[in-house]
Amino acid sequence: MEPHTAPLTPPLRPPSQVMRLARMGSAHQSRLSFMRSLLRSLKRENWAFDRPVWSVDDHGVGHAVYRAIGPRRTYSLIAFAHDLPDDMRSDRVIATAWDATFALFDGTPDKDDIARLSRNVPKQEAGRISDRELSLSRANRSVRLWSHVVDRLAAGQQPDAEQINAVGYLMRTTAVYGSGKFGAADRAVLAGRTIMGAPFHAEMLAVWLIRSFSLDLVEHMARVRGGDRATRIAAPLRHRLGIGNSTGLGMAPFLVNHPALLNAWMTARETAIARVRALPDAPPAAQATFRRRLEQARENAADWRSEHPVQIPRLEALRADLDLLADRVAGGALDTEAPWDALMLWSAKALTLEGQEQLASLILEPHGDLVDELTAEMATDEADSFRIEGTMTVAALRSLISRDYDWAIGIDHDAADRCARFWYVSEEKLEPRLGQRHEEPGAEREQPLDISRAVHALDTALREEDNATLIADFLLRRAEFRHTVRRVQIGATRPYSEIRENLIDSDLLPIDMLRCKLAFFGASRFDPRSDRWVRICLYRNAPFPDDLATMPEDEWA
Amino acid sequence: MPVMTLAEIDATGRKAARGCGCPWGLAEEAGKSARWLASHGLPGAESLAALLQDNEGCCVGTGKPCALALGASLADRAATIDDEPVRTAPVADPLLVIAQMGCAADALHRSFLLEWHGGRAIVGRHTLSFEGSAMASDMTCRAIADPDNRVPPSPASRTVAGQAWAALEALAHRVLVPASDASRAGAGAGLQDND
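Just so you know, the protein sequences line up as chains A and B, in that order.
Those letters in the first sequence? Residues 1 to 557, by this note's numbering.
Those letters in the second sequence? Residues 558 to 752, by this note's numbering.
Extracted from the complex, chain B is given alone in its bound form:
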């Protein structure tokens, strides 16, 4: 299985989501979510690859927001989430919602409890506790008291499932512009370099 840096998981995740048709802003959340999950030992690149492959294009405008879009919307409102549970529409994969609330917890120094059929997760600044399994379900999210843990996860590289990584790279490839005479000439002056 390939070993990838967290920066590579972030960048490839972002480009893959964009390649799938997501707007750039949401694609940025996709990369950050994959990175966050991987840093906490969860299958971030794999979850994102599965979502992007299932979606066959971005959910935006279809009226059926995917886990990425729902998670982004929930995280956008994280500052006002209190102990009253907020319920989401059903999502195929709770991990991508958890990741975005995890990023929000990091930024806001707050903690949230997320629950779904099959599991629960608590995210706080730099922390995650996860029970059960990720399965399709609606979710609830509420704020809880801040757990006292401030050690960030290791920034070391992580192994990624080969098939998932290949899928992300194939999607990421779609944001690239094929080589042309113009692109080759574009960056340099075309001068001799033996001087």
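If we strip away everything but chain A, and leave its shape as in the complex, we get:
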């Protein structure tokens, strides 16, 4: 028998530590983030890009097509540019008009496709797309930066670097819909595809191509204004422009409504962290990469602005944390035995959650060979975890609850502050909202996001049952518990499926839920605008389609 040489699987950080909102709300992008894995894949497969259609007039109105051409498939972003009066510009999802609207098309669109989409895409939710489209989205200009850039370029000058740094994007998207919404192709259409089968890769491709469109449009408007004097944005500044995004409560329930998917994402990240921590040493090349990435993180933290009272102290703490980390590394922390593990252990005592989670992402940077493959595990077929196993006994379900939900059972959900909120969907725009249970109407139409309270109630009901009773028999009598039984069973083999927090508590910060998801997308510069919506930047410093092949792989984030 040959000796078993595979590394031992090191223990992962436990869900009791990882699945708390304070930590999830301190998440940073990493090598596993979807934007980064998408661009790595496109580069490795030598995808080609072109812009076969540019039909935009002197008022900035018209359409354009951007293609991504791979070895097996082609995808096209169809962009519609509009002339939006300033008084109609709103980032809220409840807006009805935008500066630009987009669809990602599965293949190369012909004239009929574009005509069909031109009648529907500008209307967004009020229009209808088809199985040929993979996403539907829209964007507004950053009016401040847009005017500045057009003015400067039209005069033959480069825009001011400080202003570009301060805003970070020319356009911000306000919704990117995919997965069967408004007629778009069902998630199952993409499930088996090599690149687009990964979570949110279709949406992230659309956003990356929207970034190119925003640059092309601003340069077009500068040419209209300045004629021959006009110039283009030079390369160093150009890359600093990402795409902004405003994300509100609509995204918050996603992580709760997709427990198996959340588990897949968190398991991949925690496994990656554990693999790096298990390494016995840090060779010089890995040390150099880490130092370089740490410096990038410090620059990012220095440039990262927020006016929100929650985020301002967090940012100050992050900058201080990164200074401490840099000192620690300069003092030889990477030359010790199992240096990555030692750094993580040190950080748990010395740094805030912002710094701890930034470090957890940073230690993955030198180790693509070890961790990048885990991105293949981040998609999951949720149908596999949907069925309730009714042959489980009451005793077995109760032991799952006591193992996984001890944090919920101790909460007094009858106390006014412990059930202060309720999640609902508004009639006006079919978007999730968070209401005040004791002050607003509508709690009788509550969405099932009151997980801890529901598990508590299930546990109480199960105490009245015989231990040997089958769950199928229990549920035939008590169908109101089906949803909660399903969740508990999903968690039985998926330790990171549940946010371990009372989501109807008066202290809940929904932005923590948003940040966790957006960090998995690869977003940076989280800038909360309230406790329930946040602005972010996507693809800042990333390659453009025309330099993806020549820029170093995955060095931008």
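Hints are computed from structural coordinates only; laboratory data are not their basis.
Keep in mind that the hints are not guaranteed to be accurate.
[Said to hold, decoys possible] Residues of chain B clear of chain A, computed beta-carbon distances all greater than 10 Å:
# : residue
1 : L599
2 : E613
3 : R644
4 : F687
5 : G689
6 : D703
7 : S714
8 : A718
9 : A723
[Unchecked claim] Pairs of lysine to aspartate or glutamate residues, derived as EDC-like cross-links and limited to a Cα-Cα distance of at most 16 Å, are as follows:
#  : chain 1 : residue 1 : chain 2 : residue 2
10 : A       : K181      : B       : E726
11 : A       : K43       : A       : E555
12 : A       : K429      : B       : D738
13 : A       : K429      : B       : E726
14 : B       : K621      : A       : D473
Glycine included, each C-beta is placed from N, C-alpha and C at the ideal position.
Please build the complex by placing chain B on the supplied structure of chain A, with the hints as guidance.
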């Protein structure tokens, strides 16, 4: 007739069942059943709409479980169903029972034969063979040898009868909370967006 994605059939079916008073868990089965039937070329949204309209509220607690509740209970026990037929109480529409056993077959990689007065169906992983017509009847279900077919049904959109879809949407509307100043203010910070 409207063309709907399978995701929309699932989501609208779930909300409609909830709007009809079903507990969330059972409403999830309603959406998945409608999706499963539609993906196999059967009238999923239509069957669900008919059941929800006939029921005038959820069956839970009435002592007379509907096809949705009976199908859920049967599917919950699917792992222990063998070649000994299990008999259900009479159901108005066998399709919603078949759908849930179909979902169970997908998850468990097993196959089941369902029979009722007027027809029979075999469900296996990703497969359905259906003979006869759907009519009110009691049903039997037993496990059979696994047919060798592993190609999932097409995920393409399906046409749905307009009246049935309108009925589901009307019921789904009942889960929504009417707009108020609080709901409008709730999601954003109310800042100017022209920056």
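Checked hints:
1. L599: 17 Å, holds
2. E613: Non-interface label stands for E613 (chain B): nearest chain A Cβ at 17 Å, farther than 10 Å.
3. R644: R644 (chain B) is indeed farther than 10 Å from all Cβ atoms of chain A, at 15 Å.
4. F687: Per Cβ check, F687 (chain B) is outside 10 Å of chain A; nearest 20 Å; holds.
5. G689: Non-interface label on G689 (chain B) holds, nearest chain A Cβ at 26 Å vs cutoff 10 Å.
6. D703: Non-interface label on D703 (chain B) holds, nearest chain A Cβ at 17 Å vs cutoff 10 Å.
7. S714: Incorrect as stated: the minimum Cβ-Cβ distance to chain A is 5 Å, not above 10 Å.
8. A718: 17 Å, holds
9. A723: 16 Å, holds
10. A:K181 x B:E726: 15 Å, holds
11. A:K43 x A:E555: 12 Å, holds
12. A:K429 x B:D738: Between K429 (chain A) and D738 (chain B) the Cα gap is close to 14 Å, so the pair holds against 16 Å.
13. A:K429 x B:E726: Within the cut-off at roughly 14 Å; holds.
14. B:K621 x A:D473: This hinted pair holds, its Cα atoms lying about 15 Å apart.
Of the numbered hints listed earlier, the single one contradicted by the structure is hint 7.
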